[in-house]
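Novice: Given next are the chains, with one letter for each unit.
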Amino acid sequence: MAYSPHTDADRERMLAAIGVASVDDLFADIPSSVRPTSFELPPPMVEQQVRAELARLANLNRIPEISFLGAGAYRHLIPSVVWEVIGRSEFSTSYTPYQPEVSQGTLQSIYEFQSLICELTGMEVATASHYDGATATAEAALMACRLTHRDRIAISSAVNPQLRRVLATYCSGPGIQIVEVPADLAEGGSGLTLVGAAAAVLDEGVACLIVQHPNFFGGLEPMLELGDAAHAVGAQLVAVVEPVSLAMLEPPGAYGADLVAAEGQPLGIPLSYGGPYVGLMAAPMSAVRQMPGRLVGATHDVEGRRGYVLTLQAREQHIRREKAASNICTNQALCALAATAYLSAVGPRGLSEVAELSTVQARHLAAAIEEAGLGERRFSAPYFSEVAVRVPDAARRHAALAEQGIVAGHPLWRDYAELGDTLLLAATELTSDEHVERLVDALKATA
Amino acid sequence: MSSYPDDLRYSKEHEWVRVDGASATIGITSYAADELGDVVFVELPAIGTRLEQFASFGVVESVKAVSDLYAPVSGEVTEINDALADNPELLNSDAFGAGWMARLTLSDASQVDELMDASAYAELTA
Amino acid sequence: MSIAEGPTAADDASGRGAAFHSSPGGEELTIVERLIFDASREGRRGVRFPQPSSRAQEAAAGQPALPASAMRSQAPRLPEVSELDLLRHFNRLAHLNYAIDLNFYPLGSCTMKYNPKVNEWAARLPGFAESHPLDPDALAQGSLAVEWLLAEQLKEISGFSAVSLQPAAGAQGELTGLLMARAYHRARGESGQRTKVLVPDSAHGTNPATATMVGYTAVTIPSNDRGGIDLEALRAALGPDVAALMITNPSTLGIFEDQIDQVITAVKAAGAIAYMDGANLNAILGRFRPGEAGFDVMHFNLHKTFSTPHGGGGPGAGPVGVSQRLEPFLPVPLPTLVEGDADEVRRDAWDGRSTPGARFALDWDRPQSIGKVRMYTGNVGMFVRAYTYIRSNGAEGLREISDDAVLAANYLRVGLADAYDLPYDRICKHEVVFSGRRQKRQHGVTTLDIAKAILDAGIHPPTIYFPLIVEEALMIEPTETESLETLDRFIGVMQRIADQATTDPDALRKAPLTTPVGRLDEASAARRPDLRWRSESRAW
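Residue numbers (my numbering), protein chains in the order written: chain A, 329 to 775; chain B, 273 to 398; chain C, 23 to 562.
These are computed hints drawn from the structure, not numbers from a lab.
For each residue, glycine too, the CB sits at the ideal point set by N, CA and C.
Treat the hints loosely; a few may be bogus.
Said to hold, decoys possible - Some residues of chain B that are not near chain C, with every Cβ distance over 10 Å (derived):
id : residue
1  : Asp-310
2  : Ser-365
3  : Ala-390
Claimed, not checked - No farther apart than 20 Å at their CA atoms in a straight line, the calculated lysine to aspartate or glutamate pairs in the DMTMM-like style are these:
id : chain 1 : residue 1 : chain 2 : residue 2
4  : A       : Lys-651   : B       : Glu-285
5  : C       : Lys-462   : B       : Glu-351
6  : C       : Lys-532   : B       : Asp-310
7  : C       : Lys-462   : B       : Glu-307
8  : B       : Lys-336   : C       : Asp-552
9  : A       : Lys-651   : B       : Glu-315
10 : B       : Lys-336   : C       : Asp-478
11 : A       : Lys-651   : B       : Asp-340
12 : B       : Lys-336   : C       : Glu-493
13 : C       : Lys-139   : A       : Glu-375
14 : B       : Lys-336   : A       : Asp-629
15 : C       : Lys-139   : A       : Glu-412
16 : C       : Lys-532   : C       : Asp-447
As the list claims (entries may be wrong) - A partial selection of chain A residues facing chain B, derived with a Cβ cut-off under 8 Å:
id : residue
17 : Ala-642
18 : Ile-647
19 : Arg-705
Just chain A, with the same shape it has in the complex (with noise of 0.2 Å):
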């Protein structure tokens, strides 16, 4: 094994004091008809080897130079102070903090991401973290129905389509409906959740509304009549935000949102493929006891010192198993300790200029490919930090870009039959006016 410490003396003198003749002796207990009859693994590797394979399989992966992908994951830029609080093992290679006395770093930590996600959100009490944003999703809409005694959900189509299908993977084991609102995806619509189909399907039965804010266009939603709809029937609203942009948009508490959800990934998380990331979830406190997942809360020890403990625990599966909120066991403390160092190294100035930056840039985009006569903005209604183009053979061309290092966004047809030749372009603070030159040029040489 690369890592074991014991020399053959060692493992012999184990064996003899536990009275055995060899190690096989202590598996004569799995029954012979079910022993393996096969094991067929390469051999090990010593580091620089293991290296040498770990690196060509990175390089198979071909980074763009430039790209507009965003779509739930962004690319920027992650502080190197963040990287080195992470990487400190103490923080990697200690676990969930059963013993407070010594994991007061842990604990401390998350109840800042805690008080954090709540100052973002304007909301009273955030969860030590759930896996991912629509997994904090559906959680929250399964709260939702455990605080309004309802069992249908209704949500926006311009919430992020993985995120919905994950919600419906959830809704399917208890047995709750969903119900889609439309949004106006019309020629020359405005991209957003009809209002008025919304309070269509809702009903004393459907115990939230889901809408994306802003929404997987990029566009801002009308929270407030969303809201106000949802309420009118005794529903909840389930807002799910972009962290970074609440630097700018108003907090979802103060929209009058139930609950909120998010995606953490923008705080300093790499993009990794998809994971691990961290979703965000916040409440008010009336709702705390249905609420999945960790909690840490302040207190105090024997001697008057101020200290911190995982709380409200009765409330999770350790202790209730059948009857609890959720099966969720681990939360994401690593990830939302990056989240953590990210916001407290930015401060509220510098993630106002990320979220500044990106909006900007978004429209410094959207404008060049317009002025080139390149495509069109799709939708009418101001937009974020993403915006939806259509661009002629928009597949074609997409594909033509990849093949230069170029991704230019991601193409919205796959999910919505009626947005042909439809990129959805997302811009950050790492975007650059080089690369909106670039793809504009790189679009005008496959026109």
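Once you've looked at the hints, dock chains B and C against the given chain A.
Specialist: Using the frame of chain A, we list chains B and C on its own:
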């Protein structure tokens, strides 16, 4: 062996009931509170809820355990102990007094006779 | 309560946290670290970003502006700190943590083994870290290759015919597994009648909680007096109303189910799905392949068996392996080799070569799939680490991992048998469960007291009060990466504590005395929850 108040009746699920005419007050015993440890939260039914004898009517949580509450008698809830919301520790400090949980109008007074008296309950928990 | 800001050694006469003071009166290395918010000063900056160019701003001006009504009136109150202050804050918090990289961490059921550093090197390679989950397949061949190869290896290790890497953690693997079980019964027209999931009383709490999430009723099966599942009780509970059995093997008692063949046969005869909770796979690599033995589905915990870091409670990864009959129901998308010969690609990879013409893609076209359980394809950063680990160890190394893990646990079993009660005194696998009932009954020293006394010895305590069927349980999992000296030292500490329980039990009840904080008031924390910093308490 512990001793328990003589004017109460007790269920096997460690609830007590004090009957006062057509009205009954219910709670959990000091034995149950000790077994749970530090109680941190009590979930009680709304006023007007009809409780069935031996059916679950709420939940009590301690730091490391959670337990259902089972009504010792049937009846309609007329009052709940709001003090438990802010001071759940009353269950640990005064289970038979300030830690009472709910008052009911009894639907069937004869149910009380099925419950244990103090000495029988003391024997159960010995 | 007041927040102590930077107490000096002199303030803290107890000597608590002495290790955190570099020198007498040192003010910088404090044992109480204030909140990052309390370090904030208006106008202080950490990381800065460029301004948008005038060209970009001019171009943007013609686009729809952000409506004032959607904007927030007050900036979020994030901390304003310098980069150095930030780093010191988190480094000091790191000092308050216990970790595998500091000392022995025998937390049962969690497999706190060494997390090799080359794994971290690999996961941070830009080729992996900067790969976008929606990049066209043509640009993501490296990520897809890692997923495909890791799945191939997990198949061989477990004996299952297919693996999905998608679930984010063990508990989500359970959810995935039970959803597939239900889809299977539904496809056979039996979903209406099969409503129960059988779970032994020694199971992790996630098992019954998962059953509920899927809409099943969890039914508890008792253990027998040898710590195994009660086969007669199991047979009696099995019937046409049972959807699945979820069984942890080796069990949470650290015991291999020596009638596992009969268990599987009985479950299958009843038409139910046999689910194995793979939390304890570290004990049986190369010794037992659940898929080959007849199980239908199992989740792996990459953060246990395959050494990905626990991260203070996550992220983990919980891939599931399935038998042929569950394969159609796997989550989408499934990374697939679409061009090239699987044997050849595998063989080449084993030799560290890429196969010319091989091409991987995501297969979304799986009509019977249960759908998606999370975004994208899984915690790929963890897959890179697990793949690195498997390649570092190879077949022999993996076998040796289990051999040494089991050897170490049995060494502790024998070494502590006199000091503590051993409710199931038989050969164990990767962990051994003692009971502190003798210390509690005879000396009034609880298992919690014992755990806190272990902290004072500079060691992380075992898992306590689990499994629930053992009174005052102490669940010890040493793992394969601890030296004999460490194991001997732990035995010495545990024996000394058992002695102290008889001679000076009061001292144990006061432990821990050397940790940064003493026992914390968990009851107050839960009665009056304080779950976030509030700006009202801001000092400035």
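Novice: Failing hints, ascending?
Specialist: 1, 5, 10, 16 and 19
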